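*Asks:* One letter stands for each residue in the lines below.
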Amino acid sequence: MPTFVQILDFVGTFAFAISGIRLASAKRFDWFGAYVVGFATAVGGGTLRDLLLDVTPGWMTDPIYLICTGLALIFVTMFGKHLIHLNNTFFFFDTIGLALFTVVGVGKSLSLGYPFWVAIIMGSMTGAAGGVIRDVFINEIPLIFRKEIYAVACVVGGLVYWVCALAQVDDYICQIACGIVVFLTRILAVKYKICLPTLSGHA
Amino acid sequence: MPTFVQILDFVGTFAFAISGIRLASAKRFDWFGAYVVGFATAVGGGTLRDLLLDVTPGWMTDPIYLICTGLALIFVTMFGKHLIHLNNTFFFFDTIGLALFTVVGVGKSLSLGYPFWVAIIMGSMTGAAGGVIRDVFINEIPLIFRKEIYAVACVVGGLVYWVCALAQVDDYICQIACGIVVFLTRILAVKYKICLPTLSGHA
Amino acid sequence: MPTFVQILDFVGTFAFAISGIRLASAKRFDWFGAYVVGFATAVGGGTLRDLLLDVTPGWMTDPIYLICTGLALIFVTMFGKHLIHLNNTFFFFDTIGLALFTVVGVGKSLSLGYPFWVAIIMGSMTGAAGGVIRDVFINEIPLIFRKEIYAVACVVGGLVYWVCALAQVDDYICQIACGIVVFLTRILAVKYKICLPTLSGHA
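Chain order of the listed sequences is W, E and D. Sequential numbering of the first sequence, starting at 1, is according to my numbering. Sequential numbering of the second sequence, starting at 1, is according to my numbering. Sequential numbering of the third sequence, starting at 1, is according to my numbering.
Rather than coming from a laboratory, the hints here were simulated on the basis of the structure. No experiment lies behind these values; they were computed from the predicted model shown. One or more hints might be untrue.
Since copy identity is lost for identical chains, a pair holds within one copy or between any two.
[As the list claims (entries may be wrong)] With a cut-off of at most 27 Å between alpha-carbon atoms, the simulated DSSO-like pairs for lysine-lysine come out as follows:
{"id": "1", "residue 1": "Lys191", "residue 2": "Lys108"}
{"id": "2", "residue 1": "Lys108", "residue 2": "Lys193"}
{"id": "3", "residue 1": "Lys147", "residue 2": "Lys27"}
{"id": "4", "residue 1": "Lys191", "residue 2": "Lys147"}
{"id": "5", "residue 1": "Lys27", "residue 2": "Lys81"}
{"id": "6", "residue 1": "Lys81", "residue 2": "Lys147"}
Could you build the full structure based on these sequences and the hints that come with them?
*Replies:* Okay, structure coming up:
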């Protein structure tokens with residue numbers, strides 16, 4: 001039986017892969033290209049984190065991420081036209097993925113002995129760097145640099161984790177608090193159209 | 001005396017570097033930029049593989065790859081205009097490189113104790129990721145995501161390696177079979193214009 | 001009290017971060033995006049070097065680089081319009097950063113036992129790869145591949161380091177000579193508009 005966290009991980013990976021595959025298909029990528037972009041979107045953030053932390057990337061130890069991306073590709077291929085009606089559902093799943101990946105990234109870094117400020121960066125990278133790699137592959141300016149509260153939600157969640165830990169709250173509660181804050185920060189930011197200001201542009 | 005494999009490695013590196021340098025020159029890169037793009041095309045895939053496998057990248061242990069890229073740059077500078085007549089030759093050498101790099105990548109991963117499904121990904125990365133880095137540097141959508149059987153040939157070759165190994169064929173034969181299949185898959189796919197389908201494009 | 005090298009490191013990091021933040025602001029990135037681009041410009045070269053050398057990236061051991069990038073962001077936000085008058089100053093600081101980062105990269109690689117030809121590449125990467133990552137993030141062809149003597153100044157400085165070391169000059173003197181040569185090479189190249197030739201462009 002998969003655990004609750006494993007189910008969330010699968011849902012998040014699936015949603016991230018879907019986002020990569022849909023953007024790739026909009027650029028007329030072939031199946032292989034779409035698969036690679038979907039996979040990189042799903043596991044790219046965790047891979048960058050693991051390279052920096054000098055541990056073996058998680059996807060190299062369990063083929064579930066490859067399989068999950070394959071299912072996402074089949075899903076997009078079958079329901080391509082109708083997926084637009086599911087945008088709210090994907091947004092929901094994607095935000096679950098963002099929250100879970102942040103918690104996993106922070107927790108993994110702390111367990112390896114890194115200080116909290118490094119762990120928060122690693123958590124944010126786990127959540128957000130896959131989308132940057134996706135946008136580099138499809139040759140667009142990374143979306144998260146220009147629009148929406150996205151990686152910032154990870155940073156806020158990571159700070160909440162830190163505050164909870166400082167208050168000597170049980171680690172399990174810290175993680176749940178972090179995940180919920182990431183989730184709510186993004187949902188509320190999108191609902192109320194909260195953005196960061198852009199810079200004025202004098203290069 | 002260089003071994004047969006070393007000669008193939010040199011030929012493949014040379015062909016990969018040429019491909020990077022020619023595309024860089026089409027974008028008006030200077031000599032330095034063209035050299036870097038050529039080098040990244042030639043060794044980028046192996047470097048990404050070695051970072052993921054946590055071993056020292058091969059080009060940092062032997063200057064032959066730097067020298068080979070330098071020769072490729074001189075070659076393109078001297079024969080720039082006439083290279084287009086050699087396109088078939090380059091395609092042939094490039095495909096030799098693709099086949100050899102795949103075999104090397106699969107073999108290295110297996111010798112480090114990784115399972116076959118990881119080794120096949122590493123083999124494909126060794127062959128194909130250099131071209132992705134090249135295309136990111138010249139600010140184009142990676143060619144292998146949209147056109148031609150390329151990385152897919154590596155995957156097919158890797159699967160053949162696996163099947164041979166499962167059948168307890170001698171490792172040396174597995175490698176030759178893998179290389180020949182990569183080579184033929186790409187040659188035949190180009191000859192008969194076999195492509196993967198593209199996705200329908202509803203982002 | 002910070003040492004002289006620490007002050008140069010701070011100045012160089014600040015200048016590199018400013019360059020990333022200004023280019024990001026010209027593309028209408030938000031604060032977060034500009035911060036990330038500035039940070040990647042400042043530490044990206046050293047991070048790539050440390051991944052290749054298999055050591056923990058320097059910025060993960062000391063929060064000073066995060067703080068320095070934050071100050072650079074505040075600086076650009078406050079003085080955005082007027083920064084253009086400081087272009088010569090930034091060019092000066094940026095070149096100090098380039099020189100110092102090269103020396104640090106060469107020295108770190110040598111101290112880990114790598115041969116000189118690897119150390120020179122690592123020094124040049126430390127100085128120049130951050131700018132490449134910056135340009136990938138803002139979706140432009142990397143500037144250093146097309147214009148100006150930049151990474152080539154690092155290579156020249158690295159070669160001077162090598163010659164000094166071969167002549168059994170004290171390591172401290174080697175480093176100063178390397179840094180001065182990088183600095184002067186770039187300053188003189190810009191002053192006298194010295195460029196590398198571009199390739200003729202027949203892809």
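*Asks:* Determine for every hint whether it applies to the structure shown.
*Replies:* Results of checking the hints against the structure:
Taking the shortest alpha-carbon separations for Lys191 and Lys108, neither the intra-copy value of 31 Å nor the inter-copy value of 49 Å comes in at or below 27 Å. For the homomeric pair Lys108 and Lys193, neither the shortest alpha-carbon distance inside one copy (32 Å) nor that between copies (47 Å) is at most 27 Å. In the homo-oligomer, the alpha carbons of Lys147 and Lys27 lie at most 27 Å apart both inside one protomer (20 Å) and across protomers (12 Å), since each shortest distance falls under that limit. Only within a single protomer do Lys191 and Lys147 lie at most 27 Å apart by alpha-carbon distance; the minimum there is 14 Å, versus 39 Å between protomers.
For a Cα distance limit of 27 Å, the shortest separation of Lys27 from Lys81 inside one copy, 15 Å, qualifies, whereas the shortest one across copies, 32 Å, does not. Taking the closest pair of Cα atoms, Lys81 and Lys147 come within 27 Å of each other both inside a single copy (25 Å) and across two copies (23 Å).
Hint compliance for this structure: hints 1 and 2 are not met, and every other hint is.
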